[in-house]
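Peer 1: Chain order of the listed sequences is B and C. The first sequence runs contiguously to residue 465 in my numbering. The second sequence runs contiguously to residue 231 in my numbering.
Heads up, a few of these hints could be off.
What the hints assert, rightly or not - Quick list of simulated restraints, FRET-style, between CB atoms:
hint, chain 1, residue 1, chain 2, residue 2, range
1, C, Gly187, B, Lys287, 22 to 30 Å
2, C, Glu72, B, Tyr191, 56 to 64 Å
3, C, Asn132, B, Glu447, 46 to 54 Å
Unchecked claim - Facing chain C, according to a computed beta carbon distance under 10 Å, are these residues of chain B, among others:
hint, residue
4, Ile264
5, Gln268
6, Leu317
As the list claims (entries may be wrong) - With a cut-off of at most 25 Å between alpha-carbon atoms, the simulated PhoX-like pairs for lysine-lysine come out as follows:
hint, chain 1, residue 1, chain 2, residue 2
7, B, Lys361, B, Lys349
8, B, Lys193, B, Lys205
9, C, Lys159, C, Lys137
10, C, Lys94, B, Lys361
11, B, Lys250, C, Lys94
12, C, Lys208, B, Lys345
13, B, Lys345, C, Lys29
14, C, Lys71, B, Lys250
15, B, Lys157, B, Lys145
16, B, Lys349, B, Lys390
17, C, Lys172, B, Lys287
18, C, Lys159, B, Lys300
19, C, Lys204, C, Lys145
20, B, Lys361, C, Lys96
21, B, Lys390, B, Lys345
22, C, Lys126, C, Lys24
23, C, Lys209, B, Lys342
24, C, Lys172, C, Lys204
25, B, Lys293, C, Lys204
26, C, Lys94, B, Lys287
None of these hints come from the bench; they were simulated from the model. Note that CB positions come from ideal geometry on N, CA and C, so glycine has one too.
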Amino acid sequence: MKLYTKLALFNTISKALVFIAFFSFLPIIVKQVVFNHTDERLLVMKERVLGIVNRVGISTFIQEEGDSSYSSYNILKEEFISLEPASDTTSPFQRIENTQRNIENSVVDYRVLSYVFKMQEKNYLLEIGKSTATITELDQTIKKFALYVLLLILTITVLIDVGYAKQLLKPFQRIIEKKLKGVKHPADFDFREIQTTTTDFKYLDKSINEMMEKINAAFQREKEITSNISHELLTPISLLQSRLENIMSDPSISENAALKVIESQKTLVRLNKIITAFLMIARIENEQYLKEEAVNINLLINEVIDEIEERFEEKHIKIQIKYDAEYVFQQGNKSLLFTLFFNLINNAIKYNVTEGMIIIHSKIENGKFKVEVKDTGIGIDAEQQKVIFNRFRKHQSTDTRSYGLGLPIVRAIADFHGIEIVILANQPRGTSFVLIFP
Amino acid sequence: MNVLIVEDQKDLAGEIKIFLEKENYLCDLAFTGKIASEKIFVNNYDFVLLDLGLPDYEGLDLLKESRESNKDSSFIILTARGDVDNKIKGLNLGADDYLAKPFSLLELLSRMNAITRRKHGLKKNTFEIKGFIVDMQKRAVYFSSKEIPLTKKEFDILSYLILHKNRVLTRVQLTEHLWGDVLEENYDSNYIDVHIKNLRKKLAVYSSSDWIETVRGIGYRINS
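Input sequences plus hints: build the corresponding full structure.
Peer 2: Below you can see the structure in the form of structure tokens.
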């Protein structure tokens, strides 16, 4: 999961939790607020009623004889006011409570203010009530309103949070895209600073740059080393080769000496090829080769076969080619890929039996382009398969047969191009190399 | 023709000089970039053989400035550094050819001849040997105006032998010419024999092909 998704998710959940908590406390709060409000109203009404009573006299509301009392309701029974004499023993008090009243045969919940007061040596009880039905209604309206507002706020803040987090993490995204994902070779690295005001990202960017500089320096050193080794080793070989060629072109040279010079030339060429092979592997691993040619693999295989046709002929080996699929390697190095197939097919000839057979088959399998090179040669056992691509194989194995540098080169070129190599036993005999293209 | 050999390895420069002088080239030597630069400025050379790995001079810079002052000279880069991009850079800077060390002197001579032919537009591109007509331009061989189908390699061998006729070409020299760019360390120069055998067989259908002479243990030669 991406960082900003995680942040947004966390934000949403935490806010939702806070809102749920708030919402579960809301009825209590609302009730408290509404009752407080109602109570204040009741007290105000009490003061106004007492004012009227003081002005017009208590007798207007209470008949002298008997114990009849005064009460007034509005039509919808939302409020009532009653005034009645109270027993003289009651001392004056005031309280507000929720009670039920039976009015005209219906029970109604009220919030009632009861007030006992003394007037003209007599105790009177004043009661002012307000129906709680209206209070509950108000409570629900407030809740509904609060719910909508909270949901709206939640949505807006989550959207803002996501947007902000995304904006905030943009430099981070750019660091990943530009400095980590897009870099295939240290030389491709873009050392420009990523614009950000976040110090953490600045630090990260700087650290990656510094690391890359070190890698770059190491790569550069390696490049210089291969170049120097190349120069130091190949210059004397070049001198020897030229000298031998000059000796050979001297007409006075005896036949015996000429044959010896020829042998020396061959040895020298072999030495040169070994050094060149080592240097090639080093250069591939140092990524000194370009990969920018589109290479049609089947056509390339044809070219390779043209190049070594005489070797098939010399060993009377039959070749069978089956192209069931076409593939163009988009960003490859043609000369390296040529070397890969040359070595692979050449190996199949070299380790084949006289009048053997080589089958080259290109196909699509599991959505991937594959080239299989099968021979009917001596085969490679499981133990050897593990070390066959290792250029220092001889130090690790008791096997005296040398496969030389051909297969290590194949491996280096394949790795460079992201091609996978699988070795299978070819039934009933021989080996099958399968190249799986990316 | 005048050749300047720019090479800090004195022994190697000497060997190249010996070989080219036998081919009637006049050779001048420069062991450092500074001397080379002066010599190129003063003299007119037909060929400059330039080693890129000079101790005192960046080879490509020398090539660039020499190219400007000496528009008629042909430059061949010789290098053992083998940097992949150097070849492309060198050719882009106007070098006529590029040879990686170690190279065969015969190959160097062939490249020089090819450049000369190209420069002077030599018309003579067909050779006649015992009734066989070899057309270098079309890469075809005829006998009494009938074309003999040869493979690419067979024609390469035949034309290389013709261009260096009356000289014994060793298997190593022929192999270097044919497979010089192919990297293979288990090197066997006897594959040449397979091609020669096929070539002779194809030619013998029309007329005797014994003018392709085998020099036992060494190589092949065409006499004319």
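Peer 1: Give a verdict on every hint.
Peer 2: Against the structure, the hints:
{"no.": "1", "hint": "C:Gly187 to B:Lys287: 22 to 30 Å", "in the structure": "holds, 24 Å"}
{"no.": "2", "hint": "C:Glu72 to B:Tyr191: 56 to 64 Å", "in the structure": "holds, 59 Å"}
{"no.": "3", "hint": "C:Asn132 to B:Glu447: 46 to 54 Å", "in the structure": "holds, 48 Å"}
{"no.": "4", "hint": "Ile264", "in the structure": "holds, 5 Å"}
{"no.": "5", "hint": "Gln268", "in the structure": "holds, 4 Å"}
{"no.": "6", "hint": "Leu317", "in the structure": "holds, 7 Å"}
{"no.": "7", "hint": "B:Lys361 to B:Lys349", "in the structure": "holds, 21 Å"}
{"no.": "8", "hint": "B:Lys193 to B:Lys205", "in the structure": "holds, 17 Å"}
{"no.": "9", "hint": "C:Lys159 to C:Lys137", "in the structure": "holds, 22 Å"}
{"no.": "10", "hint": "C:Lys94 to B:Lys361", "in the structure": "holds, 16 Å"}
{"no.": "11", "hint": "B:Lys250 to C:Lys94", "in the structure": "holds, 16 Å"}
{"no.": "12", "hint": "C:Lys208 to B:Lys345", "in the structure": "holds, 21 Å"}
{"no.": "13", "hint": "B:Lys345 to C:Lys29", "in the structure": "violated, 46 Å"}
{"no.": "14", "hint": "C:Lys71 to B:Lys250", "in the structure": "holds, 24 Å"}
{"no.": "15", "hint": "B:Lys157 to B:Lys145", "in the structure": "holds, 24 Å"}
{"no.": "16", "hint": "B:Lys349 to B:Lys390", "in the structure": "holds, 8 Å"}
{"no.": "17", "hint": "C:Lys172 to B:Lys287", "in the structure": "holds, 24 Å"}
{"no.": "18", "hint": "C:Lys159 to B:Lys300", "in the structure": "holds, 24 Å"}
{"no.": "19", "hint": "C:Lys204 to C:Lys145", "in the structure": "holds, 23 Å"}
{"no.": "20", "hint": "B:Lys361 to C:Lys96", "in the structure": "holds, 18 Å"}
{"no.": "21", "hint": "B:Lys390 to B:Lys345", "in the structure": "holds, 21 Å"}
{"no.": "22", "hint": "C:Lys126 to C:Lys24", "in the structure": "holds, 23 Å"}
{"no.": "23", "hint": "C:Lys209 to B:Lys342", "in the structure": "holds, 20 Å"}
{"no.": "24", "hint": "C:Lys172 to C:Lys204", "in the structure": "holds, 19 Å"}
{"no.": "25", "hint": "B:Lys293 to C:Lys204", "in the structure": "holds, 21 Å"}
{"no.": "26", "hint": "C:Lys94 to B:Lys287", "in the structure": "violated, 34 Å"}
Checked against the numbered hints above, the structure violates hints 13 and 26; every other hint is satisfied.
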